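> Spelled out from the first residue to the last, the chains are:
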Amino acid sequence: MTGLLEFREKIKQLYSRGEVFIIPIIKFLVAFFVLNMVNGSLGYMTRLNNIAIVLIVALLCSFLPNGAIVFFAALFSLLHMYELSMEVALVGLCVFLLVFLLFGRFSAKESLVVVLTPITCHLGIPYVMPVAMGLIGTPASAVSVGCGVVVYYLLMTVVNNATTINAMDDETTEKIRLIIDGLMNNKAMLVLITAFAITVIVVYLIRRMSVEHSWTIAIIAGVMAELVILLVGDLLYDTNISVLGAILGVILTVMVAKVIEFFRFCVDYSRTEKVQFEDDEYYYYVKAIPKMTVATATNTVKRINTQTRTSTASGDGAVRRNVTTERTGYYQDNAQRGRGSYNRRNEHSGNSRSVTINSNMLDGDDDIEYEDIF
Amino acid sequence: MLNEERIILMTQMAAYEENEGKKNVSIGNYFRSDYIAVQMLKSIVYATIAFVAVFAMYIFYDFETFMQDIYRMDLLTFGKNVLIYYGVTIVVYGVICYAVYSYRYAKAKKSLKHYYQNLKKLNSLYGK
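Taken in sequence, the protein lines are chains A and B.
Just so you know, our numbering puts 335 at position 335 of the first sequence, and the rest follows in order with no gaps.
Just so you know, our numbering puts 440 at position 66 of the second sequence, and the rest follows in order with no gaps.
Keep in mind the hints are simulated off the structure, nothing from the lab.
These numbers come from a predicted model, not from an experiment.
Some hints here could point you the wrong way.
Said to hold, decoys possible - Label pairs and their calculated CB-CB ranges:
id, chain 1, residue 1, chain 2, residue 2, range
1, A, ASN160, B, GLU394, 37 to 45 Å
2, A, VAL159, B, GLU394, 36 to 44 Å
3, A, GLY40, B, ILE444, 14 to 22 Å
To be verified - Subject to a maximum C-alpha distance of 25 Å in a straight line, what follows is the list of computed DMTMM-like cross-link-like pairs (lysine to aspartate or glutamate):
id, chain 1, residue 1, chain 2, residue 2
4, B, LYS483, B, ASP408
5, B, LYS396, A, ASP280
6, A, LYS287, B, GLU438
7, B, LYS495, A, GLU273
8, A, LYS12, B, GLU391
9, A, LYS12, A, GLU261
10, A, LYS274, B, GLU394
11, B, LYS416, B, GLU438
12, B, LYS494, A, GLU281
13, B, LYS495, A, GLU281
14, B, LYS484, B, ASP408
15, A, LYS109, B, GLU392
16, B, LYS494, A, ASP279
17, B, LYS481, B, GLU391
18, B, LYS397, A, GLU281
Idealized CB from N, CA, C, for every residue including glycine.
The task is simple: from the sequences and hints, build the whole structure.
Structure representation (structure tokens):
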């Protein structure tokens, strides 16, 4: 466990020092992945499938705000839909408008969730997003996750009906009706939205409780609630949910959620600040670097009281007593303290000493004095 | 002379203004009623655009039947119904927005409390 905590501290240190470079790189990778997924699943406009365009747009997203990824993902989807049929693009535009105008403004910070939810659904692990958002978000995240599900089913409806739409010539109304019916009469979508919304709220409520292991309980309760609602939905509406797939997804979700739980304090870290301000006398250009907890294992092995004695009483026994103290990963800085009992507890475990006493003792040697090493 | 205490305080405040406090500071510049009124106006505009989009989809969904019936239907009643739906949409969305933005204003003010305290402290440091 100490090793893992050291690893976490190292990542935290690396992240807060190199935030200026790491965030754009992460944004670039997310944008690149998202746009490739859009091109891979829709891909009707061949000009957009060019890797150079994807790279340029991803590069653009790397230094623009998070919303840019969402904007370009929506734009790419709409252009692909437009290539398929203008009517489909119109329906798509309406759905995106509803999502962003009505719901997007309440949770602008979580706009990326609307993109990541369809991706996790596409990858077959839809259970991850609601649990993750319950852990790091608020009950309002249920709206973002729900919008993500709507977007996913819109794209799926387009993909599934692409051949039919291509076969239709000038039947404008028919095309619109096909997509709207596919979206509105989709019981699986309603079941998924209900399951996700309830999961987000259940996970959020339980993890805020002041009980021990509330996060673990929240994760397990969340995935169980999700699974039960999906299975009930499957029974009621025959949504064809694969039970084996659902169980595998749940196991994966628990693993991802545990990773989030482990890194949760990284969300609230002290970052390097570069600020400018002025008063009447000076201009100040300040770069404030946080004092970081030194978590690297600085092992100091100290041997104390090594002695060899030959016992005359028994005549044959040699007493050898080695006392070794090891200090691993001592946390020097107190800056991170006071951020909750969990942190303090972890630091305590990082400040552990291991004592090894090797003795080859004989009876009657109790009179040997130990040096007080602690 | 450079005053270390002042610089630390100003750095903390500047960091707050640039990161988590950015939105709060801009909200804090408004009176509660002004802030909520501006947000409500925005909400009405957004809800109107969304309603127009949905209405257009509704018309296109059954465009041929609609065009056939348009000469026979009572346009006044139809218009009235559309207006009632529009009104209900605006009112429901407006109530939700009012609740959300009232909560956000209260939250921002609470978060700014510490910032204002620091501001007072800084002022007293300059007064020395």
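> Decide, hint by hint, whether the structure agrees.
Hint check:
no., hint, in the structure
1, ASN160(A) with GLU394(B): 37 to 45 Å, "holds (43 Å)"
2, VAL159(A) with GLU394(B): 36 to 44 Å, "holds (40 Å)"
3, GLY40(A) with ILE444(B): 14 to 22 Å, "violated (44 Å)"
4, LYS483(B) with ASP408(B), "holds (14 Å)"
5, LYS396(B) with ASP280(A), "holds (24 Å)"
6, LYS287(A) with GLU438(B), "violated (66 Å)"
7, LYS495(B) with GLU273(A), "holds (22 Å)"
8, LYS12(A) with GLU391(B), "holds (23 Å)"
9, LYS12(A) with GLU261(A), "holds (14 Å)"
10, LYS274(A) with GLU394(B), "holds (14 Å)"
11, LYS416(B) with GLU438(B), "violated (35 Å)"
12, LYS494(B) with GLU281(A), "holds (19 Å)"
13, LYS495(B) with GLU281(A), "holds (18 Å)"
14, LYS484(B) with ASP408(B), "holds (18 Å)"
15, LYS109(A) with GLU392(B), "holds (16 Å)"
16, LYS494(B) with ASP279(A), "holds (15 Å)"
17, LYS481(B) with GLU391(B), "holds (16 Å)"
18, LYS397(B) with GLU281(A), "violated (29 Å)"
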